[in-house]
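Q: Protein chains in written order, with the working numbering: chain A, 1 to 167; chain B, 1001 to 1288.
These are calculated hints, taken from the structure and not from any lab test.
We put the beta carbon where it would ideally sit given N, CA and C, even for glycine.
Incorrect hints may appear among the rest.
The calculated label-pair distances, taken between Cβ atoms and stated as ranges, are [claimed, not checked]:
#, chain 1, residue 1, chain 2, residue 2, range
1, A, A164, B, A1252, 51 to 59 angstroms
2, A, R13, B, S1080, 47 to 55 angstroms
3, A, Q148, B, K1136, 51 to 59 angstroms
4, A, Q148, B, E1172, 27 to 35 angstroms
5, B, E1172, A, T79, 37 to 45 angstroms
6, A, C107, B, R1183, 22 to 30 angstroms
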Amino acid sequence: MPGAAGEQSVSIRLIVNERRHQLDVGAGETLLSMLRERLSLLGPKEACCEGECGACTVLMDGAPVASCILAAGSTNGRTVLTVEGLAGTGELTALQQAFVSHAAVQCGYCTPGVLMVLTALLEDTPDPSEADVRRALAGTICRCTGYQQIVEAALDAAQLMIRAATS
Amino acid sequence: MRFCRVRSVAEAVDELSRWGTEGRILAGGTDVMPQHLRGEQSPAALIDISGIDGLQGISEVGGATSVGALVTLRRLATASLVQLRHPALAQAAAVVGAWQTQTVATVGGNVCTAAPWADTLPALLVADAQLTLVSKSGRRRMSLGEFLAGPGATALRPTELLRAIELEPLGERSAEGYIKVGRRSAMDLAVVGVALRLSVTPSSVVSDVRIAVCGGTRPPHRVPSAEAALVGTQLVDGRLDCTEAGAELASAAAPERAKAAEYRRRVLPGLLSRLAERCVAGISGVGS
Ligand code: FES
Ligand code: FES
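I would like the entire structure built from these sequences, with the hints used as guidance.
A: Okay, structure coming up:
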C-alpha cells in the first residue's frame, strides 16, 4: 500500500466517479497513487511524477489537476473524475468517440490525461478555437500522434456536442 | 510526517506555532509535493490550509484590490475583476505552467516560495502589493518588495501565515502588461519576464512608471533606475522611446557576467519596448 514508513495517515471523504469513498491515506501520499493503488483505477497514468507530462491528469471539482503531485489528504470533500468515469453510462462520450474515429490514440499512454483536460475544455469553452485546444493541451505530452489527430478530434467533438444540444 | 488539516486562520496559526520550522504549509502543493517526493524536504508536519474559506476571496476594499492567499492562478487569469484592474497579473498567471498547475497553484504559494522565475511576482510588484502576515502574536503588514529578501528566503517567519495581498488597481490613463521569455511557449519557467505599469498625463507625458523583472538569480524586483529613465518622457506620435530605459533595465536587472545574464541583457530592452507599445495603445486617446 502507498504511504511511506513513518507517515501517519489522515482520513478523507471524497467522491470518485460518482461513488463516495472514505479512506485513510498517507500524509505524503499522492492522489494518483491513491486512485491507482487503493481504488484500482488504472486510467490515470504514472509517468514523470513531477507535474510535467499530464499523463496523470484527472478532474477535481471539474478542473484538470496533475494527480501525481496532488496530496491525497487535501482532496477531502472534493469530487474527482477519472477517465473511467467518462463513460459512466456505458456509452462513450462524444469526445471519446471522436478520438476513435480520428485515430487520435496510438500507444494510448497519454490518452486518459488528454481526454480529461479536453473534457474540461469543452465544458468551459463549448466552441473552442484550434488555439484554445492547443493551449489546453500544453500540459499533456503526447509522443506519438504529433497532436494533429487529437486537435481535430476535439474540434469535431465540440461541433457534435453543439449540434446535439441544439437539435 | 503528520498531515494537519486546518479549517480556519486561527487553527492554522496554532499549528504553525506548534510546529515552527518543522511544519510546512501545504496549499496547492505544486512546489511542496514534488520536493517531498524527491526527498528534498522532510517536514514533520504538512499543514493543509487548502480548505480555509476565508483565504479564497478577491474583493475591492476601499480603493484597493484584496486577494486572498489561496486564490488560484487560474482564477487570477480568468476573473474579470483581475483582468480589468490588474491585467499584468492576469497575463502573468495565465503563463505559469499548464492548466493543471494553474488549477491548484496559489498566489500565496508563489509569494512565499519566492522563486526568481515566478511570473506573478513582477505583476504584483508593479501593483505595489502589500502583504498581511498573521501569527499567534498578531499581524503585520509589509510590502512585497521588502518581503522578497533573497532567493527562496523571504521575510516570512516560521510561525507566520500569509493571509491576503492588497493591490493598487490601475488608475486613469494607465495601462500595464507582462511579457516573459521561456524556452518554449507554454509550460516553461521564465528565463526572463518583465511587468510594466505606465501612467500618462493628458498632454502625453509619462507621469508614473513601474518596472519589475523576474528570471535570473535574484528574486523578482523593481528596477528604479529604469523607471526613472522613463518618467517625464513625452510621447511622440503616440510612441514612447524606451532606448535609455531599456539599457538601464538590462544593466541593472542582469548585471552578472554569466552567459545567461548576457542573454537576458540582450532581450530585456526589446521586451520593454514591446510592453510599452502595448501599454500606450491601451491608454485611450494617447496611442492614436
Ligand atoms: S505523471 Fe503527473 S504530470 Fe507526469
Ligand atoms: S498516443 Fe502515445 S503518447 Fe500519445
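Q: Is the gap between the beta carbons of A/A164 and B/A1252 within 51 to 59 angstroms?
A: Roughly 58 angstroms apart at Cβ, these two residues keep to the hinted range, so it holds.
Q: Between the beta carbons of A/Q148 and B/E1172, is the distance compatible with 27 to 35 angstroms?
A: About 47 angstroms separates the Cβ atoms of A/Q148 and B/E1172, which means 27 to 35 angstroms is violated.
Q: Range first: 47 to 55 angstroms. Now tell me if the beta carbons of A/R13 and B/S1080 are that far apart.
A: For A/R13 and B/S1080 the Cβ distance comes to about 34 angstroms; the hint is violated.
Q: How does the Cβ-Cβ distance of B/E1172 and A/T79 compare with 37 to 45 angstroms: does it lie in that range?
A: Holds - the Cβ-Cβ distance for B/E1172 and A/T79, about 44 angstroms, lies within 37 to 45 angstroms.
Q: Is 51 to 59 angstroms respected by the C-beta to C-beta distance linking A/Q148 and B/K1136?
A: holds (57 angstroms)
Q: Hint says 22 to 30 angstroms; check whether the CB-CB distance for A/C107 and B/R1183 agrees.
A: holds (26 angstroms)
Checked against the numbered hints given earlier, the structure breaks hints 2, 4 and satisfies all the rest.
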